[in-house]
Structure formats: C-alpha cells, structure tokens
Amino acid sequence: MIEIRIHGRGGQGSVVASKILADAAFRDGMYVQSFPQYGVERRGAPVTAFNRMGSPDEIFVRSQIYEPDHVVVLDPTLLLTVDVLKGLKKGGWVIINSPRDPEDFYKDFNFPRDYKVATVDASDIAVKWGLGSKTQPIVNTAILGALSKVTGIVTLESLKEAIRENAPVKKEENVNAAVEAYESVKMVQEVS
Amino acid sequence: MSFKKVTTGNHAVSYAVWSSRVQIISAYPITPQTQIVELLSEIVAEGKLQAKFITVESEHSAMAACIGASATGARAFTATSAQGLALMHEMLHWAAGARLPIVMANVNRAMAPPWSVWTDQNDSLAQLVTGWMQIYNESNQEVYDSVIIGYKVAEQVHLPLMTVLDAFILSHTSEPVEIHTQEEVDEYLPPYDPGEYYTIKTEDPRGYGLLTMPSDYYEFRYKVQRAHERAIEVFKKEFKNFEEVFGRKHWFFEEFMMDDADYVIVTSGSLSSDVKYAVAKLRKEKGLKIGVLKMRVVRPYPFEEVRKVLGDRKKIAVIDRNIGFGYHGVFYEELKSALYPLEKRPPVFGYIIGIGGRDVTPADIEDIIDDMLKRDEMTEIIWKGVRL
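One line per chain: the protein sequences are A and B, in this order.
For the first sequence, numbering that gives the first Met the number 0 gives the first residue as 0, with consecutive numbering after it.
For the second sequence, numbering that gives the first Met the number 0 gives the first residue as 0, with consecutive numbering after it.
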C-alpha cells in the first residue's frame, strides 16, 4: 500500500490531481482510493487530498492518512503555515512546486535529510501551456508529471490517459504540462 | 461490456439512476449530495436519459414531485442529506403510505445544530418508522448496485427505498466502480409496471389517501408492515438474480472472517472498512477468533438471518456512528432486540464512535476490541474517543 498526501490551495486543482493520480494508478493495475480532506473548500485556503494505491487484495481503510509515504506540495508558501512533513515516512519524497533547487529546502526550511526533495517549476509550466492565469496557474497536472518521474508509482502513459479522461478542458495542454514536468523535475541526490 | 471507472460515491449513484431509466428526477441541492443531481441534470440535458428533471424550491417539494410522478406510474428518483431529509419527513410517510416505489439516495450527514456537513447516521435513522426500506453501503460499488436492486425490490413490494452513503467518506471519495451497460441493467430491471391498483388514470378516477375512518386505517398500516415482511423474501430472490446478471453477491449483511469467530463486531457503512482492517490484523497477529458483520438492509430488519449467524458467539460489540438520544446507538438496540428470543444469546456491548465525521482509524477499532474482550457484564453506553 502506498499512501500519498497532496497539499494545495483551493483553486489549484489539488482534489482533481488526487483523482487523476488514482485513475492513472488504476490504469497501471492497482486498486485505488482518492479523497479530499473534507472541508468547505474556499479559493486560496489550504486544501489537502489523499491517495491510497495498492493491490486489490488489500483492505483499504477509510480513515485519513496520517503517515504518508510521499507528500506533494502545490504551493511552496504552504510551507510557512502547514507542517507538510507531518507523519511523512522516512525516505519519502517531498515533491514541491518551486523554481528553487531541492537542496534549498534542507538549508532554508531545515528539512531533515530523512526525506528526499524534488522540485519542479509547475507554475511556470502551467502558465506556458495556458493553464489558469499567471497569478493563479493550475499546476495539478504538471506536478503529477513530476511525481510520475520521481516515484515511478504511475507510468507517464497511464498518467496521460488519466489526464485526458479527467481534465475538464485543455486536455492536450495538460498532458504537455505533465510531460514537461516529467522531463524537468529536479531531484536531490540520494540520501546517504 | 461493463467497464470499471474510478468515480465518487455520488457519481456512482448518478450512473445507476441513469441505467435504471428513471423517468422523473426532482431534487433540491444540499452538500454533500449535490453532485448526484448535478451529474443527472447534465445527463438529462444532453438527452442521454429520457427523463424530466424538475427543479423545486425545497426538499419537501422534491419528494412531493416524486410522489406525484410515481403515482402516475413513472420511475422517480431524488437525493438529499441531513436537514433536507428532515424537511422531507412529512412526505416520506406519504410516499410509503401511498405505496410508491420511489428510490432515494441519502448522503449521511450530521444534523444541525451545531452546523456540520460531515457524516453520521442520525439523519437517516430518524426516518426508520416512516415505512421506507433502508440499505447502508460500505463502498461505491455497493452504492451503485443498491440503486438498481432498490428499484427492483421496491417496485415488487410497492414500498419506497432509501440507499444510504456516508458524507465525503463515500460521497466524495473516488474508487473503482464497475459500471454496467444499459443492456445488462435492462436484463435485470424491466420498466416499472405499477399494476392495476397503484396508478392514477384520468379515465378511471379514484380517490387516493383520503380521510380513512378508524374502521379501515389500521389495516392500511398492517399492509405496509406485511409488505416489509414480504420484502425480505423479495430481497433474497433479487440478490440471487442480481448475482446471476452482474456477478456480485449481496445480502442483508456481509460476513467477514465469520466462519469460526467467537467474537463479532457488528457495524455499518464506510466504518466497516476500518473495522475489517483491524479484525484481519488481530487475527493475524494474535490469532484472535474474531469476525465482522456489516449490516446492509435494516428496513425490513432481517431478524431470522441475523439470529442465524450471531446466536452462537461468545461476545458481540456493535459500533454505532449514531446516537439515539436518551437510549443508545440504534444498531446496538436493534441487534439486542433481534437476539432476545434466542435461548442462548451472547452478551452485546454497544460503542459510539465517529459522530459528526470524527475520523475513525483502525487503531480506534483495536481499542474497542480490547475493551470488549475485557468486559464480562453487559454495561451502559460506551463512548469511544469522546473528550471530557
């Protein structure tokens, strides 16, 4: 069982990202579950979504995820207010939408070396493909491209299909954003 | 060919309603139900379902519209939640008393005040005596199937049926659901034939629901109860038919690891997944002979079937995500009552948990199991995790 927690802000597409990830993993043969943290969503407010992916023989519990294997952060300013590392398992990836280098997060945000950081400039990629606006880019599909590359949990092919199925508009632009993020994500060198 | 789609509990309802060829949909939006009728309104607007979508000013009117439609022989559907269901209350009695096989999806949401949009079962359980049949669901697949089985049973016994799914934990959770083709659903569910006595025909005017004297009213109520009793047999037949067409088993309850279980946890709804996880873990780690009985159909109540599987156990714990104020958890009281006629009956312990959407984890369930194992005497209500 792989458990993932997605942090974003209302309007960035965190819940849709979670759904697309589930769809992609299902296409790769896994049993899946995707759900938002049940709140009353507002634009700009912190939003959390969860994914469970595993074998169809496993029992999928329905509680929230307290100890995720990996974490995805759609807006780096969330690091200032939300403990995105809370409960994260050792060796887990933190995939952040940021133009900065992964190393910066160990230095500037005191991330323990227990965690592996990957960064991708998903906002820039989203704007380039016309997803959302410059002030409010919709970064969900781009960040999933990065997740596919970094974790290998879902294949890029399945991700593309899941995006085409679930993106309400601009399907190919969303696919292109995911591919570009897949190719440009920066990963920290392996932890010693 | 059927296909599997990763979808929410809400949309699983919409797809099942679409395939059931519902003719009238009337609803008023309420969180967390709204997505059900939102998708249906799109399906109707696009001409994919030959139905009339009636927008109304309240849930009371939504049920009234379904009642009118069903009385003319149309297959009717609505969906609601919590305060919306409470506002329908008067019309729920009407639908059942008029013997109309309306199917409704209720998304279990806690009642206000204080205001909440999260799950517990008090909204639907408050309607147990209205004459509606009720099915509770653990997964989105069960939700989907329950709508189709629901119409099939409801239309044979002339009773309305409510299928119940947990707010957010099912309604907004995406997971794989097998969606069937129109041909497959048609094979199982023929068009609604209300028969001679249940249809309003302008060429044959009759009175419906008029003032009925004490000399006759009593028998109307007896017949509603008889219809519920008959529904037990109809459910059995239709569960079997459903399995033949769709390949999935359903029953009044699901038995999980029950074969040699000395101890049984009885529960319902989405909570059951966490209970199953904890039970499987304790079996594996401690060799504890424990199983789960997940209640599905609670109206009509399957007395005989429940007695058959629970009579010969050492201890039973019932976990309720509801509270019948001044009494106890509703599933707990009903189960105790069902077991009472048995000569040898196990002690039953009642736990309350997860009210108002408080998250429930497998660790919470393990605590409950530990607690049950230590207890000998049946005791008062036990609140798990309440802050004092």
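No lab work stands behind these hints, which were simulated from the structure alone.
Be a bit skeptical, because a hint or two may be false.
[Stated by the list, open to error] Pair ranges (Cβ atoms, derived):
(1) Val128/B to Tyr65/A: 36 to 42 Å
(2) Asp192/B to Tyr65/A: 50 to 56 Å
(3) Val168/A to Asp370/B: 49 to 55 Å
[Unchecked claim] For the chain A half of the interface with chain B, some residues (derived, Cβ under 7 Å), not all of them:
(4) Gly28
(5) Gln32
(6) Ser62
(7) Ile64
(8) Arg99
(9) Phe108
The structure displayed is predicted, hence computed values, not measured ones.
Using N, Cα and C, we set each Cβ at its ideal position, and we do this for glycine too.
* Of the numbered hints stated previously, which ones are contradicted by the structure, given in increasing order? -> Violated: hints 4, 7, 8, 9.
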